[in-house]
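With chain A's structure known, arrange chain B on it following the hints.
2 protein chains.
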Amino acid sequence: MSLVVALDPPLGVDERKWCINLIDVVGGIVQGFKFGLPLIVKVGVRGLKDILSVSNREGKLLIADLKLADIGYVMSLIVRSIADTGINTVIAHAFVGVKGALAELSEACKELGINLVLVTRMSHPGASDIMDKVFNDLLKIVKEVNAWGTVLPATRPDIIRSGREFLGSSIKILSPGVGAQGAKPGEALCAGADYEIVGRLITRSKDPLGTALKVINEQRERLRSCRGS
Amino acid sequence: MSLVVALDPPLGVDERKWCINLIDVVGGIVQGFKFGLPLIVKVGVRGLKDILSVSNREGKLLIADLKLADIGYVMSLIVRSIADTGINTVIAHAFVGVKGALAELSEACKELGINLVLVTRMSHPGASDIMDKVFNDLLKIVKEVNAWGTVLPATRPDIIRSGREFLGSSIKILSPGVGAQGAKPGEALCAGADYEIVGRLITRSKDPLGTALKVINEQRERLRSCRGS
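For the record, the sequence lines run as chains A and B.
Numbering of the first sequence is given in the working numbering, commencing with residue 1 and proceeding in unit increments.
Numbering of the second sequence is given in the working numbering, commencing with residue 1 and proceeding in unit increments.
If we strip away everything but chain A, and leave its shape as in the complex, we get (with noise of 0.2 angstroms):
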């Protein structure tokens, strides 16, 4: 399956016992993690290396959620500072453009061996004031900079679809929203996206790694019924 866990501490614990805890005990059957900017910037590049230093991280998706969106300079020297920490994957902004911010940001994670995920479709409402009204504009520059993958709301199948339809296979689409934001396990595979995000569904439950599993049969029954039909 397809299934990405949103490490996202909540306030008042020690974000890396608690990151190292959650990634031992659903590590051996998801896909990956994704660490957000309040963590990053909270234990800096040192914390962040004590999480990743944990034994079962080997072959898995480890995306830094920077959503970055400076000019190229700034933005490659954010990733080459995080290059070591064993991140493999990090999230920039489509609507920087290309020319001194994303052809950079993406030589340099070519250079780095990372992969880079633009975020061209948000799920809140003020979304709709700028960002909806540019999405084609933004998955242009997707395909330009020859991102690895974007980020494209799993509450919204329909804009999965046809950022699917416009990338082509070859484009990963990474989509968060499954669990607390409403989307099911499964709606967004069923639409186009390789992998689904899931965060305090599996990490404020009880049984973090019975849920992970849960889910993970959801996402196998839901994709049976939508690839059979």
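Calculated from the structure, these hints are not laboratory results.
Hints may be right or wrong, so weigh each one.
One copy or two, it doesn't matter: identical chains are merged, so the pair holds either way.
Below, a list of computed lysine-lysine pairs in the DSBU-like style, where the Cα atoms sit at most 30 angstroms apart [as the list claims (entries may be wrong)]:
hint, residue 1, residue 2
1, Lys42, Lys110
2, Lys99, Lys17
3, Lys17, Lys140
4, Lys133, Lys42
5, Lys133, Lys214
6, Lys110, Lys140
7, Lys172, Lys133
8, Lys184, Lys99
9, Lys184, Lys172
10, Lys206, Lys99
11, Lys140, Lys99
Just so it is clear, the structure is predicted and the values come from calculations on it, not from any experiment.
The following block gives chain B in isolation, referenced to the frame of chain A:
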């Protein structure tokens, strides 16, 4: 005068010592300091707190240039986590829109007594791909969330003038791009900016204090001539 120094440490230095030293050297004559995301990611909240524990930071603008571009919950979480470091100003992107994003961030900033500054225009060539096309909409968002200020490039006095005209006099304009990026000290102030942000010209100088004084003198001279004309 209205000089903010961007503290972007070069690779290979002890970032904390480098920042603390520069704050110590030029803190007496400048209006503030800006800390970039590469530094913050590198040293984390604790490192930022160490840096800002220096003596002569009182009354200064202490800016975390996070270029936040996420949902409101995530952006607020980050601002909350750095609120006790001494940072009193944060930079986010206007383009993420209001509802579910900047509305929440704006509330969190008010509650924490932190100035919110929104990027509405960047200076790299790729900014013309998307951002420049929606410049007026981005300025409207600055007004709508009643942000404390906006970021406009010192290299484009024409843009600063139209930003000032649109925003009125109560919203601050912060202008990076002075020095290494080509704008001359005072140019942005003459066009209507409140603060000029200078980085490498001062921080990479052999005599940061002397260079900062020179910049301030140039700002004064230019302001005198542009206001006199």
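Evaluation of the provided hints:
no., hint, result
1, Lys42 / Lys110, "both (27 angstroms within a copy, 21 angstroms between copies)"
2, Lys99 / Lys17, "neither (40 angstroms within a copy, 34 angstroms between copies)"
3, Lys17 / Lys140, "neither (40 angstroms within a copy, 43 angstroms between copies)"
4, Lys133 / Lys42, "neither (33 angstroms within a copy, 35 angstroms between copies)"
5, Lys133 / Lys214, "neither (37 angstroms within a copy, 45 angstroms between copies)"
6, Lys110 / Lys140, "within (19 angstroms within a copy, 37 angstroms between copies)"
7, Lys172 / Lys133, "both (22 angstroms within a copy, 28 angstroms between copies)"
8, Lys184 / Lys99, "between (38 angstroms within a copy, 24 angstroms between copies)"
9, Lys184 / Lys172, "within (20 angstroms within a copy, 44 angstroms between copies)"
10, Lys206 / Lys99, "neither (47 angstroms within a copy, 32 angstroms between copies)"
11, Lys140 / Lys99, "both (14 angstroms within a copy, 26 angstroms between copies)"
Checked against the numbered hints listed earlier, the structure breaks hints 2, 3, 4, 5 and 10; every other hint is satisfied.
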